[in-house]
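2 protein chains.
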Amino acid sequence: MKFKINREQFLKGLNVASKPTTSKSPIPVLGNILMTLDERGLHLLGSNGELAMKTLIPLRVNDLEVIRVYTEGSCLVSSKIITEMIRKLEGNEIDFELFDGSISKIEDGRTKYNLNSVRPEEYPEIDLEKNGVTFEVDSKKFIRLVDQTSFAASTKEQRPILTALHLEASEGELTAIATDSARLAKKTIEIKDNVTFSANVPARVLQEIANTIESTPGVSVVEVSVSDKKILFEFDGTVVSSRLIAGDYPNTKNIIPKAHNSFLEVNSSELLKAMERVALLAANERENIIKLTLNEDAVVMSSRSPLSGSATETIATCKYSGDPLEISFNYLFVSAAVKACQSEDVNIGFLGEMKPFSVKVNDDPSHVQIVTPVRTY
Amino acid sequence: MKFKINREQFLKGLNVASKPTTSKSPIPVLGNILMTLDERGLHLLGSNGELAMKTLIPLRVNDLEVIRVYTEGSCLVSSKIITEMIRKLEGNEIDFELFDGSISKIEDGRTKYNLNSVRPEEYPEIDLEKNGVTFEVDSKKFIRLVDQTSFAASTKEQRPILTALHLEASEGELTAIATDSARLAKKTIEIKDNVTFSANVPARVLQEIANTIESTPGVSVVEVSVSDKKILFEFDGTVVSSRLIAGDYPNTKNIIPKAHNSFLEVNSSELLKAMERVALLAANERENIIKLTLNEDAVVMSSRSPLSGSATETIATCKYSGDPLEISFNYLFVSAAVKACQSEDVNIGFLGEMKPFSVKVNDDPSHVQIVTPVRTY
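Same order as they appear, the protein sequences are chains A and B.
For the first sequence, this note's numbering assigns the number 358 to the initial residue and increments by one for each residue that follows.
For the second sequence, this note's numbering assigns the number 358 to the initial residue and increments by one for each residue that follows.
There could be a bad hint or two in this list.
Which copy is meant is left open, so a pair is good if it fits within one copy or across any two.
[Unchecked claim] Straight-line alpha carbon distances no greater than 20 Å define the calculated PhoX-like cross-link-like pairs of lysine-lysine that follow:
id, residue 1, residue 2
1, Lys513, Lys615
2, Lys630, Lys445
3, Lys369, Lys445
4, Lys497, Lys437
5, Lys549, Lys630
Calculated from the structure, these hints are not laboratory results.
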């Protein structure tokens, strides 16, 4: 295996393939990137067993000869080291040559590295075959779908199914749901293909995939394939695969209130800042509970902390309609929900002091955030 | 105690006084700021037992009435909470009123806080009296003195004296020395006053003091007082005091080589980047040793790591004069020394492969960095 490669293109590929890899993996070989050079170009593959990313650096990009003077072959090199190396070198072109299958010589005309390498046979089989249901999704819409929901998934491993973002598609719609049992986020987007499936994808992994799509310039459409075991994303020469979480996702239909009897329309930025200020004393003791006292004349936010004191603030830019109501909640959940709405104003719908309430954007039925109140004494 | 205060000026003062405080102090009351209002203005004092910072917010700053409608008094409030509170409020003026000596009401016309407060008698006595030797120092020169030396002090508590920056003054000169026993940094600056003293000040604390001086706009001169127990800095209404470290500082005279027999003149930025590249493989295994192979025809840098491989690079922009020499060292020490020189080029003087070598700027005898080589096999 031997090639000369444009440094910038090599680094771009390594930045993608190195993303899932970690030097702390229980399977040490997964700390490496599998590099394979064939007649199409240089394939780079990194994986942590849960998430795998494979990208192709083609021999040419438009007028640029990216890879030249090459002999086909394959090897494993430390993901962390090769990525840092190619970042730190300053030459325009990198000379790569594998000796004995065990030492890679890497040079840029100034610095010379001998990097110990591992035979490709050591790498586990990574399934990147497209199978199952396949559809296309607009990349911007997909990124937004993940951004507006995945944060609400649980980060605790006690109930693994709650660490998933639940995806389900039917009748030209793709819906994502996440809940950690104290709050829930749900968003629906349109897709062109009429496919039907449901899958539970690790929410953390989907965030990484969305970030990768976002940081790849020029991607407008992503092709998705879902089978029983995995979900696969393809865009711009890159294939990303995530395992699915086994088990049935809890039924969330009854959690989302059908109707509300009182409503608060409020400026998002003002609400967020007020919550930060009022929660300040309580947050210092890791109590994140604040109380809203709502009536049609005034909306007052308050909090009390046993050690530090208390805070109160009247919200100026808002309109409440409904019976007087007192409701307490974890302000971090409401804050995340309001931010996810990505809107100047939000509409919060209530049903009673111990009933889950919803945070929405007016005229947008595709997206809802639900927060369960807490009891205070 | 009661006052109305300009929010921005209040925050500026709190940012200084809160610097030494920590909520993790073994003496919990030191998590507070002591606020005292008298006819001069509002005094804010924070301390961690080692470092104390006291600053005065005057009643007026030029045309601005900073503090008004006030009654004198004193109280203790949580440093972390009050600072964050004043940062998050949006009003131009803050209303402060102490009730019963135990609750502070803090308002900006929108948000109302009741903050539990502690009686000022609970605060330990903090000695901020000026005594001992007193002199003035140019603030920029002092900041540079600390920046160029303090990083070389030890961070390990086994030999507390080595965690100090050793300051000594005589004949119109102030010298700072730091060593962790593997390297040493020494810098001398001129001072106008002809004072004589020596003191060991915690290096970490001096860095914080230098940062505070640097971030206070308009400070050109700092007044310093040194006694047996403490060192005191005064500038712009702020007094900063640090305890001294007891014990004799090691004699460093014999560590600094009197002369060298070979010299490497090299571009700093090129040397730093080359070290980063060559050390890459070794650094991954927390071995930071690299080797220089010097002769008048070529200067080659190399490193070898048992697991990852090896690296080598020829330094382009440099000139070596002297006998051929091989020398190995911790590149992090040389890197810090070169950066401290703050110069486009540095001159490295050698005496032999196991003798400490010096990093200097040509024509600047006021500053030297010494690094001890390591033996490699």
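Handout entry: Hint check, failures only
Key = 1, 4, 5
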